[in-house]
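A.B. asks: Place chain Z on chain V using the hints.
There are 2 protein chains.
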Amino acid sequence: MSLLLDSASQNLLFREARTANTFSDEPVTEGQIRAVYDLIKYGPTAFNQSPLRVVLVRTPEARERLLAHMAEGNKAKTAMAPLTAILATDYEFHEELPKLVPFAPDAKDIHFSERRVREEAAALNGALQAAYFLIGVRAAGLAAGPMTGYDTEGLRKEFLDDDHAPLMVVNIGRPGPNPWYPRLPRLPYDEVVTTA
Amino acid sequence: MSLLLDSASQNLLFREARTANTFSDEPVTEGQIRAVYDLIKYGPTAFNQSPLRVVLVRTPEARERLLAHMAEGNKAKTAMAPLTAILATDYEFHEELPKLVPFAPDAKDIHFSERRVREEAAALNGALQAAYFLIGVRAAGLAAGPMTGYDTEGLRKEFLDDDHAPLMVVNIGRPGPNPWYPRLPRLPYDEVVTTA
Numbered sequence: 194m195s196l197l198l199d200s201a202s203q204n205l206l207f208r209e210a211r212t213a214n215t216f217s218d219e220p221v222t223e224g225q226i227r228a229v230y231d232l233i234k235y236g237p238t239a240f241n242q243s244p245l246r247v248v249l250v251r252t253p254e255a256r257e258r259l260l261a262h263m264a265e266g267n268k269a270k271t272a273m274a275p276l277t278a279i280l281a282t283d284y285e286f287h288e289e290l291p292k293l294v295p296f297a298p299d300a301k302d303i304h305f306s307e308r309r310v311r312e313e314a315a316a317l318n319g320a321l322q323a324a325y326f327l328i329g330v331r332a333a334g335l336a337a338g339p340m341t342g343y344d345t346e347g348l349r350k351e352f353l354d355d356d357h358a359p360l361m362v363v364n365i366g367r368p369g370p371n372p373w374y375p376r377l378p379r380l381p382y383d384e385v386v387t388t389a
Numbered sequence: 194m195s196l197l198l199d200s201a202s203q204n205l206l207f208r209e210a211r212t213a214n215t216f217s218d219e220p221v222t223e224g225q226i227r228a229v230y231d232l233i234k235y236g237p238t239a240f241n242q243s244p245l246r247v248v249l250v251r252t253p254e255a256r257e258r259l260l261a262h263m264a265e266g267n268k269a270k271t272a273m274a275p276l277t278a279i280l281a282t283d284y285e286f287h288e289e290l291p292k293l294v295p296f297a298p299d300a301k302d303i304h305f306s307e308r309r310v311r312e313e314a315a316a317l318n319g320a321l322q323a324a325y326f327l328i329g330v331r332a333a334g335l336a337a338g339p340m341t342g343y344d345t346e347g348l349r350k351e352f353l354d355d356d357h358a359p360l361m362v363v364n365i366g367r368p369g370p371n372p373w374y375p376r377l378p379r380l381p382y383d384e385v386v387t388t389a
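Chains as they are written, first to last, in the numbering used here: chain V, 194 to 389; chain Z, 194 to 389.
Honestly, the hints are just simulated from the structure, not real lab data.
Model, not experiment: these values are computed from the prediction.
Hints should not be assumed to be uniformly reliable.
Computed list of lysine to aspartate or glutamate pairs in EDC-like fashion (alpha-carbon distance at most 20 Å, straight line) [unchecked claim]:
hint	chain 1	residue 1	chain 2	residue 2
1	Z	Lys-301	V	Glu-285
2	V	Lys-301	Z	Glu-219
3	Z	Lys-268	Z	Glu-257
4	Z	Lys-268	Z	Glu-346
5	V	Lys-292	Z	Asp-356
6	Z	Lys-292	V	Asp-383
7	Z	Lys-292	V	Glu-289
8	Z	Lys-350	Z	Glu-257
9	Z	Lys-292	Z	Glu-219
10	Z	Lys-301	Z	Glu-313
11	V	Lys-292	Z	Asp-383
12	Z	Lys-301	Z	Asp-356
13	V	Lys-350	V	Glu-257
14	V	Lys-350	V	Glu-289
15	Z	Lys-268	Z	Glu-285
So here's chain V without its partners, still in its complex pose (with noise of 0.2 Å):
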């Protein structure tokens, strides 16, 4: 045992956390997504980036919404989640640098003007974040069932823009009843861990 991060901690965010099929009535407040924000908006991003954006979806208009271009085998666990948000990342993150970089004002226009170059960083940064946001809501005792099964263009016109594209979808909420598969199993480390 070579880590810092107690057992407790270890099992809460990775060991034990799992990716929730099924969820309880109990609903998510706004004050626990505020609190995982509070936490995982410190997560490195290039460059301080910070391109993630979350939509959530909570009212049954904006579930039904939502479930129209959800996979089919995603359709049953999106309608039974309290709350599920839509992660994305914006195209247009450069717009925020000249707060996030202050010691950096002209690395907006001399870095990032070609859409092209913004849209590689923010594919990277905001899948970086869309992870740190997922074990944010291990991190507040809640279980997270990400999914990338839905029509990609018909969730941007319905929910976002297109400057912002989805990253994925995440249902939040207590774990209902039989809430897991099987564990599966993970590569071993000599497979994919090699030495230069």
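C.D. replies: Using the frame of chain V, we list chain Z on its own:
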């Protein structure tokens, strides 16, 4: 305070964790990296794809080969780190799926026969795992210094192959003298999270 994760762990992983720019001489052991991987391998990926691959750069010879491809501003700190990890994603991850999703032995051919589909999935899911890796390094009580400033093609040719794309390079170690820049601002909740 709506989080279940205790404050010390919040600080270790997010609030007080910082991107290190200098490192002490204290070595990072293989045991520590094994412990990091044995924790973060449980982080979720779509369909358990698990495309992250890690190349550790430890010897002076390997470090020289790495430095040749790093951006000028990243060379000094990369020369100083006791261990540097090249995080890459595997575009041929589908070859491992029979092991990773044993309930769907045909998934490899049904869903992932197209390289373009695999590249897109590997980019997103590899980035999620890269974020888990950064959290894991912090969980080990070590400082991480993630970087995307390098010659991508040069790095790929030197340490990887055409089936693996670099995601980031991460310096790992105990912080050295004056290791941090001042904490940069983050976007407020209401500019990031909206409700549909």
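A.B. asks: Hint check: Lys-350 (chain V) vs Glu-289 (chain V), CA-CA at most 20 Å. Holds or violated?
C.D. replies: violated (23 Å)
A.B. asks: Please work out if Lys-268 (chain Z) and Glu-285 (chain Z) have their alpha carbons no farther apart than 20 Å.
C.D. replies: Roughly 31 Å separates the two Cα atoms, so the pair is violated.
A.B. asks: Please work out if Lys-350 (chain V) and Glu-257 (chain V) have their alpha carbons no farther apart than 20 Å.
C.D. replies: holds (15 Å)
A.B. asks: Quick one, are Lys-301 (chain Z) and Glu-285 (chain V) close enough, alpha carbons at most 20 Å?
C.D. replies: violated (35 Å)
A.B. asks: If you draw a straight line from the CA of Lys-268 (chain Z) to the CA of Glu-257 (chain Z), is it 20 Å or shorter?
C.D. replies: Judged against 20 Å, a Cα distance of about 10 Å means the pair holds.
A.B. asks: For the pair supplied as a hint, Lys-301 (chain Z) and Glu-313 (chain Z), confirm whether the alpha-carbon distance does not exceed 20 Å.
C.D. replies: It holds: about 15 Å lies between the C-alpha atoms, which stays within 20 Å.
A.B. asks: If you draw a straight line from the CA of Lys-292 (chain V) to the CA of Asp-356 (chain Z), is it 20 Å or shorter?
C.D. replies: Since the Cα atoms of Lys-292 (chain V) and Asp-356 (chain Z) sit roughly 38 Å apart, the hinted pair is violated (cutoff 20 Å).
A.B. asks: Next pair to validate is Lys-292 (chain Z) with Glu-289 (chain V); report whether the Cα-Cα distance is within 20 Å.
C.D. replies: Cα-Cα ~43 Å, so violated.
A.B. asks: Under the criterion that the straight-line Cα-Cα distance not exceed 20 Å, is the pair Lys-292 (chain Z), Glu-219 (chain Z) satisfied?
C.D. replies: violated (37 Å)
A.B. asks: Checking one constraint from the list: CA of Lys-292 (chain Z) to CA of Asp-383 (chain V), max 20 Å. Satisfied?
C.D. replies: Within the cut-off at roughly 15 Å; holds.
A.B. asks: Can you confirm whether the C-alpha distance between Lys-268 (chain Z) and Glu-346 (chain Z) stays at or below 20 Å?
C.D. replies: holds (17 Å)
A.B. asks: Hey, Lys-301 (chain Z) versus Asp-356 (chain Z), does the alpha-carbon distance stay inside 20 Å?
C.D. replies: holds (16 Å)
Hints 1, 2, 5, 7, 9, 14 and 15, counting from the list given before, are not met by this structure.
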